[in-house]
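Visitor: Can you make the complete structure from the sequences, with help from the hints?
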Amino acid sequence: MLLIPCPWCGPRDEAEFHYGGQAHVPYPQDPSSLTDEDWARYLFFRDNPRGPFAERWTHASGCRRWFNAVRDTSTNEILTVYRAGEERPATFESRQVHPARPALEDEAVQAEAGSGAAAPVEVRGAQPPLGSGPGAAAPVGVQGAQPPRGSGGAAPSGVEGAEPLEDRTGRGGGGEETQPFRHPTRGRIHRDTPLTFTFDGTAYQGYKGDTLASALLANGVIQTGTSIKLGRPRGIFSAGVEEPNAVVQIEAPFPEPMLPATTVELYDGLVATGLPGQGRLATAPDPARYDAVHAHCDLLVVGAGPAGLAAAAAAARSGARVILADDQPEPGGSLLGTGELLDWVDDTTARLDAAPDVRVLRRTTVFGYYDDNHLLAVERRTNHLGAEAPEHVSRERVWRIRARRVVLATGAHERSLAFADNDRPGVMLAASARAYVNRHGVLPGRHAVVFTTNDSAYAAALDLAAAGVAVEAVVDTRAEPGEWAERARQAGIEVLTGHAVTGTEGAPRLTSVTVAPYGETTGRREFAADLLLVSGGWNPVAHLFSQAGGKLRHDEELGTFVPDTCRQAVEVAGGASGAFELARVLAQGAAAGARALQAEGYTCESPRLPQVATPPQTPPMRVFTIPSREGAPRFVDLQRDVTVDDLARATGAGMRSVEHTKRYTTAGTANDQGKTSGVLASGVVAELLGVDVSALGTTTFRPPYTPVSFAALAGRDRGALLDPIRTTALHEWHVAHGALFENVGQWKRPWYYPQDGEDMETAVLRECAAAREGVAFMDASTLGKIDVQGPDAGVFLDLLYTNMMSTLKVGMIRYGVMCRPDGMVFDDGTVIRLDQDRYLVTTTTGNAAAVLDWMEEWLQTEWPELRVHCTSVTEQWATVALVGPRSREVLGSLAPRLAVANEDFPFMAWRETTVAGIEARVCRISFSGELAYEINVSPWEALALWEALYEAGAPYGITPYGTETMHVLRAEKGYPIVGQDTDGTVTPQDLGMSWVVSKKKRDFIGKRSHARADTARPDRKHLVGLLPEDPGTFLPEGTHLVAGSVLPAPPVPMLGHVTSSYRSAALGRTFALALVKGGRDRIGERLYAPVGDRLVPVTVASPVLYDPEGARRDG
Amino acid sequence: MADTAVTTPLRSPLSPAAGRLAAATRASGGAVRLAELPFLTQLNVRLDPKGAAADAVGLALGLQLPVEPGAVVRAGELTALWLGPDEWLVVGPPGGRRDLESRIREAAGDEPVSVIDVSAQRTTLLVAGPRARDLLAHGCSLDLHPRVFGPGRCAQTNLARTQVVLVARDDPRAGFWVLVRASFAGHLTDWLLDAAVEWTG
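In order, the protein sequences belong to chains A and B. Just so you know, the first sequence maps onto residues 1 to 1115 in UniProt numbering. Just so you know, the second sequence maps onto residues 1 to 201 in UniProt numbering.
Keep in mind that the hints were calculated from the coordinates and are not lab data. Remember, predicted model here, so these are calculated numbers, not experimental data. There may be inaccurate statements among the hints.
[Stated by the list, open to error] With a straight-line Cα cutoff of 20 Å, these simulated EDC-like cross-link-like pairs (lysine to aspartate or glutamate) come out:
1. A:K748 with B:D190
2. A:K208 with A:D268
3. B:K50 with B:E68
4. B:K50 with A:E865
5. A:K551 with A:D692
6. A:K1000 with A:D30
7. B:K50 with A:E86
8. A:K1007 with A:E55
9. A:K551 with A:D723
Guide: And the structure:
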């Protein structure tokens, strides 16, 4: 949502504005002097530049002023605005491109001053620190010193490693106790709150704080389904939103398809099933509530990991409004998974929760980043409560956040590697396994092999080992992994440097892992393992940054794509910027938060940041694929079953861009949107093409970051609240009297009033007969009404209407037509002259707002010298149409002071009087050809008037009628309805209304176009009547008309189409109105209307089929 | 018009909803207060703020028509809302529009000033209580924080996809006036009651 700065009201959402096309295209001084070509140039030709473009806009929902804006058409940025009549500014500032993070020097200074985070390494304990800061429990070997129960049985067997305890079903360890894979002490789960849930028909137990995935793992269940295309068993692969495999269907309490089990918080009574790659939509309506709220802040921090928390902490006490949004139930981000700095997390969270101007949004995923720092987030408010969710609280809420500044601290996703059979249940991202151990107290397996290209997986290996998992080997593609390898060895773990995993076995669950020197096929070794941890490096979560319009660049050292520059006020901190070392992450976050608020004029205190040791570092190795034996699939996108071979087929077919290979193979198009596979796919394609991945880039990141349900996006915009419903002051009477309603614009208008089981046809014939033979009345309050006031009101209306309004006498009424500059009919209605300099203009029901906008546009941009003001008074008046030969008697009986005789109160006059004691303006106008009045009163008294008319008309059988009868009555008289019988290509002359087009006026809008060669063509479509030769045959509206009784071979020349079609009580037959080429010259001619398989013969007639001499008008 | 029609009881656009609004107010335990303020006098005044009429009309009304966008000026029973650079809505208690209209017209003399009675065009909803701002935030994209939209501020904007005039009342605890077109008032009421369910449910 763009913010458009109204020159008066300031920045507002673009939804408040209407676009008016190119600015500075003045209406020609004397259109009649222009050639057709010059006039056509004015009408139809506009510039279409790339770059700055001056346009007209109006603040339609606000001050109704038209103004000019210079918008860059390539970026959509509004560069400047200025008021109508002002010159376009010669210069204006373009928005600057900012780096995703400022220069490092700057940050170092900030960090040093602010936090001491860059302090020297602090060594605690005898062991060197392990990338875990002082907050972490203890060095390797001490964490979880006791092996968990159930893991002790298997001693090393013949092969390296141990016999896995799995029963090879992939469905669990088969232990007798519940949760055999639960660590006795670890994790942040609430062991005092056990929860029961069902998966694939089996009941299990977990704890509050579990995800469905962690609870399944605790019960030894790792396989959650099969893959979509190949039907291969698939298991839990990650611990977060990036999950490609463990996509489940929630069955109860409410069915929901395709949720990653890694993101479903466990609740009591949860029932879920695994999916074969595809879920099922619920068939019952969702009973939950969903809503949306708008929020504004000085700083939005996305992600409450170390960087995000540090950023929010820096901003917390400044007085600025800060929102911190995180998708997890509790802040901490990656620290929850690594187990580091948890005291600092808790302290900081408590301080943020207590800060008056800070809002911490938990369980809230920011999923879209749009123009002008407008971000959308979805908060899962009651999903985690299961059946306990209160009915009156929305289940999910969409936050529409407008932030002055944004800090993206969205972290990074671990990348997989493409090796043979890398998809078996038991293959898991390394950091995810670490998170299960530290956060959920779950061992994802008993015997693990770790396969890595970088340092980060060592910490996972050490934590798993400490928790009692037998880590059989760390397989590192790097020849010299450095100090981390030493630490692993010290912990008793074998490290195979310069090695890679070349294959796996197990059905369904992993049972063994084959390893060979990287790039070689000999020297293979096999390890028995039920868990294979994989780390192919880290991808910054740059999705939101990219959506914001930010550019990414390839970082050679990290071997991945990182945020580079952006035009929005956003900064990226921590893992999302490619910083993976905790001290740097914290410093970046704090500095980013402080900078953002300083830019907004706030003073920030330095937050208290924990001291963090700097771990040893060895550069990662860029690896995407591992050579394998022929025929073994190497999966790139697990969710779409896309392999290296599939990508090879794409490049073999000539694809040279990742956007093309994506569409060819569907890699990255599943509901995980390729979070674990995107960069891997780029890397594979780069290898296949023999180019560098930096030249290839990534596919485009589009919202939403994670799937968002339609229900959440709809919010409360459904059912009766989907679109505003407009009603008149008489609405309840209509409802009470059985009216069916027709939507006209947003209005609910009575359509017809069926009585005693009447169908529509019978009811409408009855209502029509009452209007033609007795008396009937209708609620006409919905017609648009505009008060036009000022000394130049007459001049102005003469320019707007095709006919003359300035000569109208006070007390009289005139029908008028408005055209667009192209000469086509735009609106019609009556004009009442209230006073010398005051008119009341009526518009069609649906066009009221458009006509007022239209008037303001001309007044404000073309004719500002005219002293005229236009004001909507549509709802100031309620209008009742009283129609029929007996209407005079009814009115007379209620308006004793009104002389109702024809000579006293002639057609097209208006009178002020009282009707039923109510002050009223009565107009003698007719849209039916019958004697008729329109009675206008205050809507506060409309019901009293209506009921008085109903009572006074009872002796004459007064009948309420709706829009359908109105349409029939007017069509019998050939009165067109703008928008039904016209479609923007019809001139007043086409409608047979040349009489409404002034020949005297020097100019009016549309006049010049009426002299164009095209509008003078004899074969233009004219409005005519159509009489089916069988008087009972009904022509559907839209039916085409052809010349012959036999259809020629296509293309069949079309002569026109039916615009309105009815059954007439007065004519005793069906009839229609139609736009027909040269129609007025065809009156009497027979044409054919294809209806279904038949060609219905019809006769062209005058559009005025009833009372052509107008004898009924005066009663 | 209705000023003299004492025989006919007046029906406001939201009279059918009065019971529901009161019930929601009670059920919320004071978190939100919702009520229609019917029949307020509302005059749309258009004039050149730099012209002679501006001062004269200001004198006649006893208040200076605000020229700052989105400003509200109050004096006695009258409130003048800025609607546009040459447009104001003068709001007063029910029943005074004839008198008010003639006062303005007389003060304007021969100047091209437009005065239009729009008292029935919009009705007024009171949205108050500690949760008033949160309630409006469900459907209004404006920043209604007191620092931004405090006493003395008004805005024409969209609420629940309906055009409204929002007025921050003098005391932040007094909440907001929401002036809404009469035909949309029923929809807006349904919407507000639905959005308030969190506090009334």
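Visitor: Take the C-alpha atoms of A:K1000 and A:D30, compute the straight-line distance between them, and say whether it is at most 20 Å.
Guide: With Cα atoms ~15 Å apart, A:K1000 and A:D30 stay inside 20 Å; holds.
Visitor: Between A:K551 and A:D692, is the straight-line Cα distance small enough, at 20 Å or below?
Guide: It holds: about 18 Å lies between the C-alpha atoms, which stays within 20 Å.
Visitor: B:K50 and A:E865 were given as a pair; does the straight-line alpha-carbon distance stay at or below 20 Å?
Guide: With Cα atoms ~15 Å apart, B:K50 and A:E865 stay inside 20 Å; holds.
Visitor: Checking one constraint from the list: CA of B:K50 to CA of B:E68, max 20 Å. Satisfied?
Guide: holds, 13 Å
Visitor: Do the alpha carbons of A:K748 and B:D190 lie within 20 Å of each other, as the hint requires?
Guide: Distance of about 16 Å is within 20 Å: holds.
Visitor: Given the hinted pair B:K50 and A:E86, is their Cα-Cα distance within 20 Å?
Guide: Between B:K50 and A:E86 the Cα gap is close to 18 Å, so the pair holds against 20 Å.
Visitor: Is A:K1007 within 20 Å of A:E55, Cα to Cα?
Guide: This hinted pair is violated, its Cα atoms lying about 25 Å apart.
Visitor: Check the hint pairing A:K208 with A:D268 against an upper bound of 20 Å on the C-alpha distance.
Guide: Within the cut-off at roughly 9 Å; holds.
Visitor: Straight-line Cα separation of A:K551 and A:D723 no greater than 20 Å?
Guide: Violated, at roughly 38 Å.
Checked against the numbered hints listed earlier, the structure breaks hints 8, 9; every other hint is satisfied.
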